[in-house]
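Construct the entire structure; sequences and hints are all you get.
4 protein chains.
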Amino acid sequence: MRVAVFGASGYTGGELLRILVSHPAFTVTVITSREYAGKPVYMAHPHLKGLLSLKFVKLEEALNREFDYALLALPHGISKDVIPSLLEKGIGVVDLGADFRLKDPSLYETWYGWKHPNPELLEEAVYGLPELHRDEIRDARLVASPGCNATATILASAPLVKLGARKVLADVKVGSSEAGSKPSRGTHHPERSGAIRPYSASGHRHQVEASQELSLLVGEEVRVSMVPHSVGSVRGAFASAHAELEVDEGELWRAFARFYSNEPFVRVMQRGSYPNVKNVLGSNFADVGFASDPSLPRASGFAAIDNLMKGAAGQAIQSLNLMAGLEETTGLMYPPLSPA
Amino acid sequence: MRVAVFGASGYTGGELLRILVSHPAFTVTVITSREYAGKPVYMAHPHLKGLLSLKFVKLEEALNREFDYALLALPHGISKDVIPSLLEKGIGVVDLGADFRLKDPSLYETWYGWKHPNPELLEEAVYGLPELHRDEIRDARLVASPGCNATATILASAPLVKLGARKVLADVKVGSSEAGSKPSRGTHHPERSGAIRPYSASGHRHQVEASQELSLLVGEEVRVSMVPHSVGSVRGAFASAHAELEVDEGELWRAFARFYSNEPFVRVMQRGSYPNVKNVLGSNFADVGFASDPSLPRASGFAAIDNLMKGAAGQAIQSLNLMAGLEETTGLMYPPLSPA
Amino acid sequence: MRVAVFGASGYTGGELLRILVSHPAFTVTVITSREYAGKPVYMAHPHLKGLLSLKFVKLEEALNREFDYALLALPHGISKDVIPSLLEKGIGVVDLGADFRLKDPSLYETWYGWKHPNPELLEEAVYGLPELHRDEIRDARLVASPGCNATATILASAPLVKLGARKVLADVKVGSSEAGSKPSRGTHHPERSGAIRPYSASGHRHQVEASQELSLLVGEEVRVSMVPHSVGSVRGAFASAHAELEVDEGELWRAFARFYSNEPFVRVMQRGSYPNVKNVLGSNFADVGFASDPSLPRASGFAAIDNLMKGAAGQAIQSLNLMAGLEETTGLMYPPLSPA
Amino acid sequence: MRVAVFGASGYTGGELLRILVSHPAFTVTVITSREYAGKPVYMAHPHLKGLLSLKFVKLEEALNREFDYALLALPHGISKDVIPSLLEKGIGVVDLGADFRLKDPSLYETWYGWKHPNPELLEEAVYGLPELHRDEIRDARLVASPGCNATATILASAPLVKLGARKVLADVKVGSSEAGSKPSRGTHHPERSGAIRPYSASGHRHQVEASQELSLLVGEEVRVSMVPHSVGSVRGAFASAHAELEVDEGELWRAFARFYSNEPFVRVMQRGSYPNVKNVLGSNFADVGFASDPSLPRASGFAAIDNLMKGAAGQAIQSLNLMAGLEETTGLMYPPLSPA
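Chains as they are written, first to last, in my numbering: chain E, 195 to 534; chain Y, 195 to 534; chain H, 195 to 534; chain U, 195 to 534.
Treat the hints as calculated values from the structure; they're not laboratory data. Check before you lean on any hint, since a few could be wrong.
One copy or any two copies: either way a pair holds, since identical chains are not told apart in the list.
Calculated cross-link-like contacts (lysine to any residue; reagent style SDA-like; alpha-carbon spacing at most 25 Å) [said to hold, decoys possible]:
no.	residue 1	residue 2
1	Lys376	Arg228
2	Lys249	Asn456
3	Lys376	Ser394
4	Lys249	Asp442
5	Lys233	Met463
6	Lys249	Ser467
7	Lys233	Gly466
8	Lys283	Ser396
9	Lys249	Gly307
10	Lys249	Met527
All values derive from a computational prediction rather than experimental measurement.
Written out as structure tokens, the structure is:
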């Protein structure tokens, strides 16, 4: 099956290529990049030298090529204009951007600053978190793959919500690769190395996705407030989801174990052990754990993911596997790299 | 004025020496270390080579020397047995450990596992956070200098508590130097570099200090639940103090600005800017900021400190200055090192 | 084919397991560890949770089990006593330690401090650098897999030696994982993070291996002096091999391209581009490059490897593939992880 | 004494301000920045908030102000046009750029690409390494402060040259702050974190300075070939200067100890101990050491400096102290920050 990767020169694009190079069922036939159009893969991704010999083309040129599936790692706001024509041709689409994640069109105006041109497609698009929507993804034409902070937050929170939490404070910590491959002051090495600081602290866009999905899960409104923090890691997103909930750690253990009992990529930590992004780097695993403190009272769920894998490229391929009728884990059962 | 530093070979001890080497009013005359007894300073602290020519002695030997003030950077549980004899000799003491921070003796059994032998000294000891107890520190014989996580949490939370918060969730992020100079698996470089993981997630000892002090501040019970996280920084402790409080950022700004208006070491960030441990490294400054999100609703206070300075050695000297009748900032107005 | 991994709880052991878990021809059936005997894999390697369900056994117990191949990641000086009995049973052995790398038995006394008990096996053992000894490895019973610094140095130097260099100054830079999984002051995170400092600067053991192999390559004495430096990376070994040689970069390009023209794991950089450990992390690739400066004159060869992969576990499996009659690249053609 | 800092918004500028804020004899009265003109210091240097209340002005405006000394941290090629007018007004100048470091004007065309407009000033300018030119600096109107890589290389090499070395291979390792405060792909955090790679490997500009100064030292041509490497540190430059020289470590010790016996900022390591950038961070110290290996034979000198301090701002103030008739160490005897 032929796959096109749109926006293949950034970090998420590179990670999609890394996975697909070794994938037994998919072959990358088209890759796009505005900046690298006409240049070979290794110019943008020197680590892939010798492993993939394609050249980047412009997005417009890619639309004239033939392929079976499209993975879109484009900046927010661009894929919404590209996707309709892909779907028309019968191409299955996994969009790694935000353009089709939210069900309520009005939220795009509030959180992204533009009016959504395809509200009907919003309804059709499936939120690509297989742990919540496995069956719908199998039948989908268009999958909106979740944001990395949203993925970590939802996986950390879902069992708490099942136990009754309706207000979730998601304190998230992320590595610098989450900001993408474009240099900026905030990701300049001397500034970012060793940093600990919040950003978007008055509310991060991904809390809207998380709120939508957690509410759907229990059929009641679940409010999520997210405060992401930049730390000095390169890879990794870690969500600490806190709720005011009186529940002991035995109950928490049962809730987490039950919720994730059949999940191939979610590993539940034992009581007293906590997830660490170091144990999932380079893999599609999400390690989840929990703790409670009666003093507030507080119950916390934790999730550690590789933001470029389970938080982006890995999860997108997980959905693509499902859409294509493959075993969900095909080409994704990499052990994490450790220590790294 | 002659100062003895007990437990001078660890990181906090090294930082006390670094400050005192340049301090205009104090001279270090005695330094103790079990491991380095008989050896010169630079064996434990190669960065201080040529700046201080003392040799370490054993604790027992130090007790026979004469000095005016003692700074104790000993492991928890040791200073409680040393301090009474120092006080008897009229020596002013700043204890950087936990042995005299808590007013309620029963908490030592719960949180530290031993019965406190000097409950009467607990009453006398002053919690060494000048922002809360400046005048009492001036008159104190014994100052119990706060823990680093507690310092960051209290500074981030106090204005929120003034605004009405009675339950504070303190999500703290810390660098590896907080664990001290003794190697362990958790601070082994390949394991710690790039890590993001919680520890003591069912409740950290420092939440008891924070709760005590914030309750004192408003004369009502304030509950604090603390979840510290290890990240890949070397220095730095960052507290994100979250409370369910409906308050806009204008009010928050006023509350923070008012509370810290006369504080020489607390810098309040402007609305929309957040503290970063990178901006306080090597200094005694605490940078504080705030944010609110109406969706939960949530109000957050943030504090960034250098855990070895405002979180330990710097704050201890700040108290020592006060005890000695000096200007509080004497020998402490270092600009932070940046980028570092 | 059944494989036993001796010394499986350290970093090299973990990396062997990571590769073998996905290897199509080998199955790990026995793993040893003194420290973790009786415990499941994930206790030592939490990243492998759910991917391998073996328990560690003691070395003595492993010797009673049946398997076809043994990979030894034991501390230097131990494998020399274990290997003879393995060979007697007809088991193919790849030793990742130094015990069988040197041909001249007297060098063990000089550089390792013990007299070699099996000088005849030294003669038989094949130095496991496939780029130099591919055919001999295919027929070997015992492969002595090279040290990481030696691998990088040899790969950086070989084309220079072919061009006439007989004295090579190898200035090597390495990450902290090279020191193994046991915590120490030098790899304590606050000490190692951001460090730049030499070690073994009066001559490193690996220079003897490199000298032996480069001399063999040209049938003349080649002297190598190695100065390794600890830097703040976790993974990666980088060799800068400098020789006083008048040769322009065009010639260097041809020499490097020719020497590595058929090597599946060596990628030659274009003139003016240099290798970077970041482009090989997690993979078995060695990226090599070169530069010359007429002012001295100086010619330099550069090699970047992942010390745990091409510098240890990956290279050992590369040899094992050859010994087992498999395609050399089987189970090893991982793309590097980047950015990481 | 009033000091103007030209180019004050970059890292070197920030470091000059950090030193001057606490300096007992100098007061910063003018600071320039093209990018930050009109803005307060803390916009460019948030760590200096509350410590310095100046606003940046444009370079042209600064030239109309009155001050006694000027420190220039401008991009290469700009100060050569500014300095003549400053000197005419009787202002003492320390230039931290390269425009006046080389005595031979023709080298500017070769290495910097422009013809030098003031060859007569080249003759007058004093190379600002106090360890070599202390007395001339005292009398200078114009000091050309050395490059960071050159400083480390010269300090590591000088005693070797005194012992007879005439060809020096300087393998240098540097942190990311050396590239300045402007973001770029090479210093983008995900790319630079953990990197090990050479740059300017066919000969770095600073080798010309080092060659000039080492030749002057012995009155004979000394050739220097420099290969700098980017590593993942933020601060720090480390030079490993290698020469083919048969000399034992006792002789090396004596040569280093003698050469630096009266230097306030150079600390000589004991035999078998090596410098580490971690021990000099934030300070003006240079730690130097040595090693020899008879196998090549090779003698090595090592120097660890903070590139922004002894490699830039600290060294410039050291010269300024001398020019102003002050004690050389005034305002510079900071202990290093460790661990950091």
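For each hint, the structure was consulted:
Within a single copy, Lys376 and Arg228 get their C-alpha atoms as close as 13 Å, and across copies as close as 24 Å, so both meet the 25 Å cut-off. Proximity of Lys249 to Asn456 under the C-alpha cut-off of 25 Å is restricted to the inter-copy arrangement: shortest distance 24 Å between copies versus 40 Å within a copy. With identical chains, the CA atoms of Lys376 and Ser394 are at most 25 Å apart both within one copy (19 Å) and between copies (23 Å). Taking CA atoms no more than 25 Å apart as the test, Lys249 paired with Asp442 passes in neither setting, with 55 Å inside one copy and 31 Å between copies.
In the homo-oligomer, the alpha carbons of Lys233 and Met463 lie at most 25 Å apart only across protomers (17 Å), although the nearest pairing inside one protomer, at 44 Å, exceeds that limit. In this homomeric assembly, Lys249 and Ser467 come within 25 Å of each other (Cα to Cα) only across copies, at 20 Å, whereas the closest approach inside a single copy is 45 Å. In this homomeric assembly, Lys233 and Gly466 come within 25 Å of each other (Cα to Cα) only across copies, at 18 Å, whereas the closest approach inside a single copy is 50 Å. Neither within a single protomer nor between protomers do Lys283 and Ser396 lie at most 25 Å apart by alpha-carbon distance, with minima of 41 Å and 53 Å respectively.
For the identical chains of this complex, Lys249 and Gly307 are neighbours neither inside a copy (34 Å) nor across copies (35 Å), given an alpha-carbon limit of 25 Å. For the identical chains of this complex, Lys249 and Met527 are inter-copy neighbours only, at 21 Å across copies versus 28 Å inside a copy, given an alpha-carbon limit of 25 Å.
The structure fails hints 4, 8, 9 (numbered hints given earlier, in ascending order).
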